[in-house]
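Every position in the sequence shown, counted from 1, becomes a number in this note's numbering once 194 is added.
Derived BS3-like pairs (lysine-lysine); straight-line CA-CA distance at most 25 Å:
(1) K353 <-> K477
(2) K287 <-> K419
(3) K349 <-> K419
(4) K480 <-> K353
(5) K416 <-> K287
(6) K417 <-> K480
(7) K199 <-> K419
(8) K287 <-> K349
(9) K349 <-> K416
(10) K199 <-> K480
(11) K249 <-> K228
(12) K480 <-> K349
(13) K477 <-> K417
Between beta-carbon pairs, the in silico distance windows are:
(14) F420 <-> L462: 24 to 32 Å
(15) I379 <-> P231: 23 to 31 Å
(16) L232 <-> K419: 44 to 52 Å
(17) R345 <-> L462: 26 to 34 Å
(18) L232 <-> S344: 54 to 62 Å
(19) I412 <-> I376: 22 to 30 Å
(20) G385 <-> I331: 35 to 43 Å
(21) I479 <-> F222: 32 to 40 Å
(22) Y473 <-> I395: 21 to 29 Å
(23) R233 <-> V394: 17 to 25 Å
(24) P405 <-> L208: 28 to 36 Å
Everything labelled a hint here was simulated from the structure, so no lab data went into it.
Each residue gets a CB set at the ideal place from its N, CA and C atoms; glycine is no exception.
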Amino acid sequence: MMRYKNAVGYLTILIVILAGIAAACGIFLAGGGKEVPLRSLHQNLVMVYGQGLYKNESVSMALQARAQDGITLFLGIPFLLWSFLIARRGSLKGRFLLLGFLGYLLYTYTTYSFGAMYNGLFLVYVALMSTCFFAFILTFLSLWEEDIQSRLDTKFPEKFVGGILIVTAVAASMMWLKRICIPLINQEVPGELEHYTTMVIQALDLAILLPTGILAGILLMKKNKFGYLLAPVMVIKQMVLVIVIIAMFINQAVNGLSTDGSELVVFLVIAVILSRCLYLFLKNIKE
195 MMRYKNAVGY
205 LTILIVILAG
215 IAAACGIFLA
225 GGGKEVPLRS
235 LHQNLVMVYG
245 QGLYKNESVS
255 MALQARAQDG
265 ITLFLGIPFL
275 LWSFLIARRG
285 SLKGRFLLLG
295 FLGYLLYTYT
305 TYSFGAMYNG
315 LFLVYVALMS
325 TCFFAFILTF
335 LSLWEEDIQS
345 RLDTKFPEKF
355 VGGILIVTAV
365 AASMMWLKRI
375 CIPLINQEVP
385 GELEHYTTMV
395 IQALDLAILL
405 PTGILAGILL
415 MKKNKFGYLL
425 APVMVIKQMV
435 LVIVIIAMFI
445 NQAVNGLSTD
455 GSELVVFLVI
465 AVILSRCLYL
475 FLKNIKE
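Make the full structure from the sequences, and use the hints.
Below is the structure:
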């Protein structure tokens, strides 16, 4: 039986409604206006999107946000609702999936709240950050009361899944540090900062998300209870985020922005590996 199911249920319904509004507005409110050049505080010339909800974002960021909205609307929200429905029936797999998708939406609307240019949905982003946070905590607490290790088949490959979490987190950390440290050494402003004031996504990743992935991998390899709880959540969250990044690459390429094809291939490989890890975890849960 899932504890706090009524509270999580009300929060989930609110999240589905608010996230549906936010994502739909990001995708479909794109008419009018045109791209305009803007001189940033860093004296860089930035092309601003100039239309729809993301009219004040750079072209690159607006295309990335619209790609993420598409994944949220057509993948994140339906799977969140489906996982909650099967979790209410007592499914342990459902609760893990629910926790993973809540984690993805929490991360998404935290970055929107702090990183996006102010727009008419600011309070919606803040409300989503709050509701996702409390639903995540309550679902986490309900899982903490379970003896996760006893519910997993003895064939579950802790070292493989834990190693993948560590490798992907370290690789992502190296990628971000390269983009940050080289401009710092050269006393330059990172090109991707564009007309924004700071690197919100990189800060959240390096401070919270990626260390959590490394910690989850280490604890899982040691067969620690906390590792069994964190690892599947991080696998789901990272897998969906990688799918979002792939969608961003594709949307930018379709709209004529230059992208690094080698990075796209790397993310495709990571998506396949993380999908395999999620399959192994779900396959080995004994309901």
